[in-house]
Every structure is written in structure tokens, then in C-alpha cells.
Amino acid sequence: MKAIEINDLTKFYGKSRGITNVNLTVDEGEFFGFIGPNGAGKSTTIRTLLGLISATAGSASIFGKDIAKDKTEILADIGYLPSETMFYNGMKVKDILKLSESLRGKDCKKEADELCSRLELDVNKKVNELSLGNRKKLGIVCALQHKPKLYILDEPTSGLDPLIQKEFYEILTKRNQEGATVFLSSHVLSEIGKYCKRAAVIREGKILACDSIEKLGHADLKRVVLRGAKDVVLNADIIDFKQENDVVSFLYKGNTKELTALLCKLEFDDFTVSDIDLEEGFMHFYTKEGN
Amino acid sequence: MTLFFHEMKKNRLSLLIWSVVIAFMLCVSVMIYPEMEGQMAEMSDMFADMGSFTAAFGMDKLNFGEFMGYFGIECGNVLGLGGALFAALAGISALAKEEKDRTAEFLLSHPVSRIKITLQKLLSVFCQIVLLNLVVVCTAVLCITVIDVEVEIGKIVLIFLSYLLLQLEIGMITFGISAFLKGNGLGIGLGLAMLLYFANIISNLTEEAKFLKYITPFGYADSAQIISDNSLKWEYLATGLAIGAVSLIIGFYKYSKKDIS
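In order, the protein sequence lines correspond to chains A and B.
If you're matching positions, the first sequence starts at 84 in my numbering and goes up one per residue.
If you're matching positions, the second sequence starts at 480 in my numbering and goes up one per residue.
A couple of the hints might just be wrong.
Said to hold, decoys possible - Covered stretches of chain B (chain A as the covering partner; in silico rule of three or more C-beta atoms under 8 Å from a C-beta of chain A):
1. 569–582
2. 586–594
To be verified - Listed next, the in silico DMTMM-like pairs over lysine to aspartate or glutamate satisfying Cα-Cα at most 20 Å (straight line):
3. B:489 x A:178
4. A:98 x B:738
5. B:712 x B:580
6. B:595 x A:360
7. A:313 x A:294
8. A:249 x A:178
Said to hold, decoys possible - Incomplete in silico selection of chain A near chain B, CB under 8 Å:
9. 159
10. 170
11. 185
12. 186
13. 368
In short, the hints are calculated from the structure, not lab data.
We put the CB at the ideal spot given by N, CA and C, even for glycine.
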């Protein structure tokens, strides 16, 4: 079964664009990444799935249930962490957790205690006394304490220290291994690369690509840097060509033999050829030229 | 009922302060009556000669020199206006505050339908209004017993009932408006309560503005009219409650479709 299935989902805020004809599927049990620049439509997509905003056109289903008709049933299966976690001022952490479990009609005390202990969250503190990171931890516990089938996480690690980030992903990976689906929206491309099998890239409200991390990250591309280069004219299929003084840099896609043949034709003092890192592979999706 | 109890807990301090302040002011008004009783007859004559001003506050229908007349005016000012402001605040902030404080996303990502959320919040607004009135009524009864004056119980019950209905109606109207708001609606709530109060004063001044009595709940929650007729103006009450019900229906519909920011 598909955990998430989105068909031509469109959202306009009056005349301004939210998302346009978004199509996406996430399989049950998948660890799926969702990336894109600010204002690309990530949060709009997520908020439409959760029923916080209604779609202008198109449809979507979660575990086969329609987001417009079966909103309450769907929400029972979801653990949602918004990018900015806000709670009722004056309430203690333990009261927020209790409120959340009561609204879900579940007893999550044992799970909540364990999560708070692992994430080092003081349950007796008042929400308005919490730092940004601790508020995020509270959001994580609220999203995880009822052990949902689907986790929708929007920038889950912003504000968390590296140790807590590691702990969080250990918990999440274990939940994923137990069968839960994770839909992770993040700007931290290394996180996406490390944990997700597939990802979708959204920009200006449209899905640009949806594929395996290896393909999206262009693992087949090589960064070539030539130093002391003179009169470099390249006719081969290259991208991201840059020249600064006598240093030329470009990305090459093709087999090594052809690259060697190409380099033999050029005049330069020194060169390096290296695999591009994941962030560099993703980065072109963030730029206007990245189509 | 989780959300209902959450709302009650969240608003308990505001409810306590408003209840104590209104009850205290009404208590002081009642307790000073024995000392004022002698001067009231003269004041009543004085108020009777003030033309439009006398009519505006319904003092043309009341004998300010008697306890019922005095209580009617005081109760109208303290519980009528104070209660209306409290009801407006409770109603206007019920739904809008979640978006203003950005807690709506937390609340609405739980498996509770928007209709249930709206109903529980409305029930909490009603419950707060009823509790405030209980405190005020108990305090007033206690104070009247202490000063030992003769009262017409039927009329007192009608006065308190009319103010309770007034507050419930204002609560309903502002609750309905709250569904449309994204930010702080306190100004709108308080402004509306004051507008309705002054609409009744204007309707007392001229026959041409009498239609306003159908719009403002102060039209039926009018101590002077209740004391002189010993009944509520049911036509005003029916219109008022219909306005409240329509506001609620529109509010429920709007909130069930609303995009949460």
C-alpha cells in the first residue's frame, strides 16, 4: 500500500501560488526525503496533507484514505512535527504531553517518559521557559509518543545539538525498521542523503524530480578542476562551467575513458578529478538554472 | 471533552478576576443602598427631570427611590455591561487565539474533528458565562439578605436571566466572528459589546431608532422594562437568539473550511 499518494495537488492562496500539480507517491515503510528552497511549497504540501489547509484542486490519500473526507482517521496514524513548534504558554512540558495523548485518546506515558529521557527533556519546565531546541524536543516527543504509522517531519533537527540530532535519528531509524514510514522535509541535505532512500525536489510549487538519492545527488558526476589552464574550450556535455583566472572547474558526466581523452586535448599545469559530494549534487536544484 | 477542560483551565484566571470584580462591584452597590435610601427619593426626582438622558437609561420607567429601581439600574450597569464585555472577550478569543498564539497547528494535527473542537470551545465559553453569573447571583442574593430589603423575587430572577441570555448571545456572536479572525480580536469583541450597549441607549432616545432593540441584546436585557412590565420582551429575545444562532452556524461553517495559517 502507498503511505502517501498525491495526484495533481494544487493550492493557491488567493492569486499567489502555493503548489501546482504536485504528484508524488511514498511507499509504506519508506524513509522519504522532501527538499527544496524556502518558499518552494514544502510546508504547503505537508499542511494540505494534514488538512490544515484545503487543496484548490487535485487529491491526495494517506494509507488509501482521502485527505478531504477521512481527515480525523488519517491524523490518528500521523505524527507531525512542524518546522516551528508552538505550544500553550504557561503549561508545563508534562501537561502538553498529557494534553496531546488525551486528544489522541491513547495512553502514551511510558513511551513519552522514554523519549524525554533519551532526548534529555525536562518535563517539569514550563513551555515559555524552554529554549528553541527544547521546544523542538517537545514537538518531537508529541509527534513520536503515540507510535504512529507515518511520521511527517518538517525541519526536525533545526535548533537541536549534534548529540540530540544523532539520538533523534537513531529513534527514527528504529521506528522505520519496525515498519513506520518517514516523510522528512529538510534543508540539511546531508540528513536526506544519509537516511532517505528516495527523495523529491520541489521548487516554485512544482516537483522537479523524484528519484533515488544516488540519482538525485548525481553520483555519476565528477568535478574536474584544471589549474594553469590556457584557452580552454569545451564542446563535451559538461555543466557548471566556471573559470577564474587560470583555474577552470566543471562537472563532467560520462565515462572515464572519454574524460581522459578530453583532458589530453587541453593545455594545463595540474588537475584533479573527484566525485561530487551529495550537497553539491543537490545544490543545482536550489538554483534557478537547475532545471 | 479533553479540549473543554483544557479551555476551562486555560481561562480560569480570567474568569476568576472578572467574576470577583463584577460580584464585588454589585455587592458594593447593594450594600450601600441602606445609607443611600434617604437621598434616593431626591435623586429620583432629579433624574426624572433630565429629559432624554432619563429615557436613555430607562430611568423614566423606574422609581430610583425604591430598591428594585435602584437595583435594576445598578445591575444593568455592572452585570449588564461588565458581563457583556467578559462574554465578548471569551467568545472572540475562543478560536482566534489559537491562530494568534500559533497553537492551532498543534491542536489541529491531532485526530479531533474541527466540529468537535468548535463545539467544545463553545461549550467552554457558555460554561464560563454561566459560572460568572452564578458567582454574581449568589453574591447579590447574599448581599440583599444582609441589608434585609423587600424585593420582588420574580423580577430579580427575570433580570438575572435576561443578563445571562444577553451574555450568551454576545458570546455566540463574537464566537462566530472569531472563526474569521487570524489575529487578536479583542478590540473587535470589546468594540462590538460597547456598540450594542450604545445601540440600546440610542433606541431609548427616539422612536425612529426603536428597531435597534431587535438587534441589540440590551433591548431585552433592560431592567427598567422588566421591572415595569414584569416580563421579558420575547420578540426582542427571539430575534436576539436567532442572530446568535445564525452567527454560530456561520462561524462553525467557516472554521470547518478555514485555512490555518
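Structure-based check of each hint:
Counting residues of the segment 569–582 of chain B whose CB falls under 8 Å from any CB of chain A gives 3; the rule of at least 3 is met. Counting residues of the segment 586–594 of chain B whose CB lies closer than 8 Å to any CB of chain A gives 7, which reaches the minimum of 3, so the coverage claim holds. In summary, the hint linking residue 489 (chain B) to residue 178 (chain A) is supported, as the alpha carbons are separated by about 12 Å, within the 20 Å threshold. Note on residue 98 (chain A) and residue 738 (chain B): the hinted pairing holds, with a Cα-Cα distance of about 15 Å set against a maximum of 20 Å.
As the CA atoms of residue 712 (chain B) and residue 580 (chain B) are separated by approximately 41 Å, the hinted pair breaks the 20 Å bound. A hinted pair counts as satisfied when its Cα atoms are at most 20 Å apart, and residue 595 (chain B) with residue 360 (chain A) does not qualify at roughly 50 Å. Proposed proximity of residue 313 (chain A) and residue 294 (chain A) is contradicted: the alpha carbons are some 38 Å apart, above 20 Å. Between the alpha carbons of residue 249 (chain A) and residue 178 (chain A) the distance comes to roughly 26 Å, so the proposed pair goes past 20 Å and is violated.
Evaluation of the residue 159 (chain A) hint against chain B yields a held restraint, the C-beta minimum of about 4 Å falling below 8 Å. Given hint, residue 170 (chain A) at the interface with chain B, holds; its Cβ is 6 Å from that chain's nearest Cβ, closer than 8 Å. Restraint check, residue 185 (chain A) versus chain B: the minimum CB separation of about 4 Å is within 8 Å; hint holds. A least Cβ separation of about 4 Å between residue 186 (chain A) and chain B falls short of the 8 Å threshold, and the interface hint therefore holds.
For residue 368 (chain A), the interface hint is violated, since its Cβ never comes within 8 Å of a Cβ in chain B; the closest pair sits about 27 Å apart.
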